[in-house]
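**Q** Hey, can you piece these two chains together into the complex? The hints should help.
If you read the protein sequences in the order shown, they are chains Z and B.
Read the first sequence against this note's numbering and you will find it ends at 1191, with the numbers running on by one and no gaps.
Read the second sequence against this note's numbering and you will find it ends at 234, with the numbers running on by one and no gaps.
Think of the hints as simulated: they come from the structure by calculation, not from any bench.
Glycine included, C-beta positions come from ideal geometry on N, C-alpha and C.
Hints may be right or wrong, so weigh each one.
[Unchecked claim] Okay, the calculated beta carbon distance ranges per label pair:
no., chain 1, residue 1, chain 2, residue 2, range
1, B, E133, Z, K511, 49 to 57 Å
2, B, I150, Z, S644, 51 to 59 Å
3, B, P69, Z, E953, 58 to 66 Å
4, B, E154, Z, F1190, 47 to 55 Å
5, B, P69, Z, K634, 31 to 39 Å
6, B, N179, Z, A1143, 54 to 62 Å
7, Z, E953, B, R106, 44 to 52 Å
8, Z, V686, B, T155, 35 to 43 Å
9, B, R106, Z, D793, 52 to 60 Å
[Unchecked claim] With a cut-off of at most 30 Å between alpha-carbon atoms, the simulated DSS-like pairs for lysine-lysine come out as follows:
no., chain 1, residue 1, chain 2, residue 2
10, Z, K780, B, K43
11, Z, K772, B, K42
12, Z, K775, B, K42
13, Z, K780, B, K5
Here's the letter readout for the chains.
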Amino acid sequence: MRKRPTNVDTVSDAIANDKEQPWKELGLKQDEYQEIKTILGRRPTSSELAMYSVMWSEHCSYKSSKIYLRQFGEKVTPAMKKDLMVGMGENAGVVDIGEGLAVTFKVESHNHPSYIEPFQGAATGVGGIVRDILTMGARPIAVMDQLRFGAPSDPDTARVVHGVTSGISFYGNCLGLPNIGGETVFDKVYQGNPLVNALAVGVMKHEDLKLAKASNPGDLVILFGARTGGDGIGGVSVLASETFDSTGPTKRPAVQVGDPFAEKVLIECCLELFYAGVVAGIQDLGGAGISCATSELASNGGKGMKVQLQNVLLRDDSLTPEEILMSESQERMMAIVPTKDLKAFKAIVTKWEVEYSVLGEVIDEDRLYINWGEQEIVNVPPRTVAHDGPVYHRPVEYPKYQDALNANSSKTLLRASAPAELAKQILAIVTSPNQADKSWITAQYDRYVMGNTALSMPDDAGMIRVSEETGLGITLATDANGKYCQLDPYHGAQLALAEAYRNVAVTGAKPKAVTNCLNFGSPENPEVMWQFKEATAGLADACMELGVPVTGGNVSFYNQTGDVAIYPTPVVGVLGVIDNVARRIPSGWQDEGNNIYLLGTTKDELDGSAWAETIHGHLGGKPPVVDLASEKKLADLIHGAAIQGMIEAAHDISEGGLAIAIVEAALRFNVGARIWLDEVLERDNLDLTAALFSESQARVIVSVGREDDVKFQALCEARGVPVLRIGVTDKASGLIEIKDLASFELNEVRKGWASTLPELFG
Amino acid sequence: MKIGVITYPGTLDDRDAQRAIRLAGGTPVPLWHADSDIKKVDAVVLPGGFSYGDYLRCGAIAAQAPATQEVVRLAAQGLPVLGICNGFQILVESRLLPGGLIRNEHQHFICRDQRIRVENTSTAWTNLFEQDEEITIPLKNAEGGYIASAETLKMLEAENRVVFRYLDVNPNGSMNDIAGLTNERGNVVGLMPHPEHATEAGFGPDTDIATRSGVDGLKFFQSVLKALVNA
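Next up, chain B with everything else stripped away, as it sits in the complex (with noise of 0.2 Å):
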């Protein structure tokens, strides 16, 4: 199975997601942001980082790139995107996933392992969790903090859009502890915590058993192969 990885200017976290579906069991292949042909992928990842230097506003000016565009158009068609953190960013600005993401509360930039809890199972990146499933991922970011109108939330609430929560404690203010989100149909994901820097025991986030041993991020990868096999 393929699944691209987006570089964009100022893009950082590639060469991560690329190792993350490579342990997964994938085949990464690298995808240019000015290229439209984004080589018959079976997924996309939108990877982390500061695209274009996070002018204008987080992820705007990647959201009008010709490889996001051709994302835009099949996504519609069912094609599985995972936006994490600028990624999510850049889903937000293309319309694909509602609301809007802010500054963090506290106006700093924050790099923590979160605890978050998997609250929807149903989409293709998220099938191997259990329902409620407690994971801990890094999280990294300035402008992670969540925001949708009252209206907004509530649709999302009732829909089982909100894929991820934090627990613990809430890093950047994000509304109704928001972390992750999906689209109506399950195959466009976004989150601000980084899955792809926990799939490598040594250079996770730590754990009661040993040191920097957590890869409870692989699941993502991992569900979305599954998905493609089942498709």
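Looking at chain Z on its own, in the form it has when it is part of the complex (with noise of 0.2 Å):
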């Protein structure tokens, strides 16, 4: 074992003598720094630089983006505040949604340590967001991954491929989470950097609603959980280098590694420990570990904190102070505990045989004190570090090349007229790896654990029983679309929110609440503020109409390599209610002889399009034409049919057209249809390429049994959403027949949509 080291930067030596700090190697600018040193009136100790350091990074200070994130709490209704229990800023938002239970959900990024090392990267990303559910005092129900790859054909994306999805697999099965929905896609921009987000939902009875605070003085401070050890340390090396002569190990992984396990263990003892109500405050430990816990904690509570650094259970004991406050070590919760209730906590961490230390407690000081043995190594206020971190204007500048990318439209593009020609197109999208079946990802992931799963892949959403009493229940979907956001970020976020928004009120559920992640490029480059200011604003405004607040989020910068940034790619989720889950809506087709309309009405859209993109191998023009009133017109007519039980299935059309949604509606449950376009063509004034492939919004293809025909008609007809019957379900004839253009085998099809990713991946 080594020894603990002795020599420490302690306050005093940092009142007695200036020093040369390595701020600039650990991220902080100048003026940063100086800021720092007028706030302690000294220079900081290493401790506290690092603190600062890591607390004052664009990841944990919003510090570019939260002058922009702000008209997600400012763009709000009474009506849409009135559900929301816990807004913006906590580790989740959290959403009544009746009979006593409430919803906690979020979505957040892992996508740089996705890269460096796919499967722990991905791991710990579903390790991290899970624990930020916890963190609310819910039990967490279900996960969703948002992936994004890149081109399927270069050589390094089965490295990225593999190591995500058997990350996220090992973890989330483990944890015992069904996996319900999520999104695959491939894309070069996304090369040299992968997207990996990862959504968790939990649920909780209100009174269990758990805050990060510490505000009653005398209360223990405790950190539990998996020992602290050098993961995720990077950048904090530079300190340990230049305090010591470095008798500890000198290279510290940067990517934390995780151990499902001891958080499967870790989410029993919580909820036990809520549940007995010995728990005042409780905070994960993530991104920055015990700096961020031990001063968020202070700073909620408005109150200080008193800590023994050196009754950290560590797994190596060479680490430094710097780095144990700084360690991104997985599995790990801190929670504030009054004195009387220690004995209990006690007895039920013991029970789930999980260490835990009492490091300190809660003092009635706006202060924090942090002590290594005798010597005091920190003594801060703690908003400074937590709360009162930088924000920056940056410049925005409208990109150089956005108007030429914009005039680029797809109208110059060649369009087949030949009936074989567009079978053949149909075909090559529906077997594209952007279109193709999921599943070879999506089998590695469980999705039955803790049965109450009522829908999840390949459907448009994930629903989830949360009371097995009165069948209330929750659905999820989450949605963006990078290439509609580089053509216009403003109208793309808006476009990902109104498809998140149908693929909820396609099942049958009402929508109520948004999360988000905005993974964009460098915020230095001012186009890509740009693209953050459009989108933010675009998503704002659009959720204000629809009625459904921002909940909570995450933002991700510098997806780039070099200079090139990504797509902006702000991936939306949307929850809804439904008041009993046996009403849910599949995706596919299932009885023979229902009647398929065509809901909404086409128009000419092919920019930015999977066709585009598939045929041609074009972007540019602009994106489709976004229609709130429409999506929501329409979300209502399917949540009150279904109340009525009229629509036995539903699939929102998007990606690839109403081609694509009717070989997807047929695959679900392998039932053909036959289908005609004419009258479309005729009353939307169409060619066969707009009417198959165009993405025009607010659409949505429903079956309906023959006995609701008129009932379901009339329906429409008085919401006010255009209806066109296009087909009828044919069970028997296992094929789809497309009237004058062609008869495709569901077997066949089958075939190449089934085989694409085990041909590139298996």
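**A** Right, here's the structure in full:
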């Protein structure tokens, strides 16, 4: 065992002597370092410098995005706030879903670690978001992943795909959380910068809500869960080498390592602690570890804290105080426990064989003191670390390439008119990696565990029952279209929201709240900041119009390789509520002879479409027009019809257009259909290419039993939703027959659709 | 009838097993791994999950738990025991069933609706099935490849102890397509697929009739209730 370091930089050292400090290497700017000195009235100790540098980093402080994120809290109506129990700023937002229950959900990025070390990066991404949910007092009940990889043909893509998928599979399955959906997208812009976002959702009784604050002086500060090790401390090694003639290991892994078994035990242990009522405040340890947990708990409670850092249980005794403060070792939590409850706390953690140590106590003073043995190494106002970080007004500039990109419309692309050629195009899109069957990935995830999964992939959204007594359930869908956002970030972000909202609506649920994960390039690039500004404004405006509040989320900047940024990719997650999951609507046809209706109108909108990409390798023009009023009408209509049990299946029309929606609805349960398009062509004044592949918004295909025909059409008319019968289901034929165009054998289509990913990665 | 469900650290499908018992008409009794008192239950389910994080070997540490040891003792006296997935691995590790379970042939975790054939209907957990009935229940595992020596396989086949066999695809490379086994006496049954995930319409596998309406797993739990009544 290595020896505990004794030669530390103390507060009295800092008062006694000023010296050169590696603030630059730690990512701080000159004026930020100066600001720290002003706050403290002296130079920071190396431990304080470590804390400020990590807490003031982009990742923790949101310094570039803060001024834009505010509008998610501002552009809200009283009606939107009504069911919001906890809004933005906490670990995750909390929404009242009725029956005394509340739901908390959030999506977060783990992009950079997942490129360096795909398996652990993706695994710990799941672990981190699940702890955020747990921290609110909720039992985590499901996860979803939003994955964006480079081009399938690139030799490095398979490494990332395999690593990320097995990492999620390894961690999520072992935690016992059903994985109920998500996204997988391939595009060369993500080659050197894959996006690995993870969403988790949890449920709790209203009274179990927990907040991350330490507000009662005398309460104990307890660290429990896994021991603290040297993982995930990246940059802070600068300090170690600066202060010490390094006796410890010199190279620390920058990526954290996950142990899902430890997390599963920690979840059950925490829930038992919550139910026993022995925890006054709780915070998970993720980015910035103990630095973050201590300063945030104290700052949120408006109090201070006294901490003995040598009480932290370590995996490696040679860790320096700076490293301990910064370590991102996984599966750890910090609890604020009243002294009188310590015995009960001990009994529960002992039952679960979870280690803990008392680090200190809450004090009635606006100060965070951290000692290393007898020596004081941190003495700061907690708020200055946790909340009063820098705020940037980064320069914003309209991209030079934007006008040319928008002018390059798909209108000039060659369109086929021969039926055989169009049929070939349909198959080409169906079997393209972005539209093909994703079950090679999703079959590696457990979707059954907990026994409450009412819908999961490949349906349009995931649905989980939260009450076994009443059948009350929640629905979740996430979407993003980087291509649309590249063409127009304001409307692109709105389109992501519209699609997720629609995907929730087609299951029969009522959309209720929003989370987002904003993946962008470098904020130091004014053109990227313009994209960010546009996307956040678009999303906030659209949320207001649809009446769904943003409850929280995450920003991931610096997603770029060299100077080339990814497409702006704001992933939007929508949470819906359904009174009884027994009324859920699947995405595929099931019964014989049901009528198939197209809801909504189709415009000639092929810019940024799957057709333009797959058939012509083209991206340019303007994305489809956003029509939120129609989205709302459509959602209300489906919700109403679902309550009356009129809709057998509903599937949203998005990437790939009507053609792909039809194929997917048929493949879901292997039920064919006879389709005719003449009326669509005539009513909407389209050619066949537009009718089949246009990505016009606010459209859904539904199947309705014959007995409900008249009623359904009357309902559509009353609600002002355009409706057109375009076909009838045909169970026996095993065919999709599109009149005057082509006839597809379902088995053949399935073969191609299902073999794309296995052939690429199997 | 009281049916115990043991929870180990890392067990995941314990609540699902309890629900399945309830739906079948039994009374589920939660049991704790560290407790050798198994509360006079009439039968025991070892549920799925990752007990002890699959450290060492899947099921190896759980096999040493006080509750498991008590189950092993009582199984010899005829206590009906069902091991599902990780529970099957625990049964194998505690030598109640022969052979071993290794990493899936294709190296991936796999979750799918799996068709299997019930080939032995005389066990405590299968007596309500028809001989050779084909059923669909979910399968989800990373270490489900059944292996045994040629001799053991021969014995299992000769004594009709292969209770379930995979149909359509062998999802994990199991020898002889074996999905589940029983002991000599027929009171202990272990299998990789998950009957408890196909016991409630709306949350099971898809069927031709409706989405997620498969409840083929219910008969496992009804069978043991019948066996206990008749015993």
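**Q** Hint by hint, note whether the structure agrees.
**A** How the hints compare with the structure:
1. E133/B to K511/Z: 49 to 57 Å: 55 Å, holds
2. I150/B to S644/Z: 51 to 59 Å: For I150/B and S644/Z the Cβ distance comes to about 58 Å; the hint holds.
3. P69/B to E953/Z: 58 to 66 Å: 60 Å, holds
4. E154/B to F1190/Z: 47 to 55 Å: Between E154/B and F1190/Z, where Cβ atoms are some 39 Å apart, the hint is violated.
5. P69/B to K634/Z: 31 to 39 Å: Holds - the Cβ-Cβ distance for P69/B and K634/Z, about 33 Å, lies within 31 to 39 Å.
6. N179/B to A1143/Z: 54 to 62 Å: Given a distance of about 59 Å, which is inside 54 to 62 Å, the answer is holds.
7. E953/Z to R106/B: 44 to 52 Å: Holds, since E953/Z and R106/B (Cβ atoms, about 46 Å apart) stay within the stated range.
8. V686/Z to T155/B: 35 to 43 Å: At 38 Å between Cβs, range holds.
9. R106/B to D793/Z: 52 to 60 Å: 56 Å, holds
10. K780/Z to K43/B: Cα-Cα ~23 Å, so holds.
11. K772/Z to K42/B: Holds, because 28 Å separates the two Cα atoms, which is no more than 30 Å.
12. K775/Z to K42/B: 26 Å, holds
13. K780/Z to K5/B: 25 Å, holds
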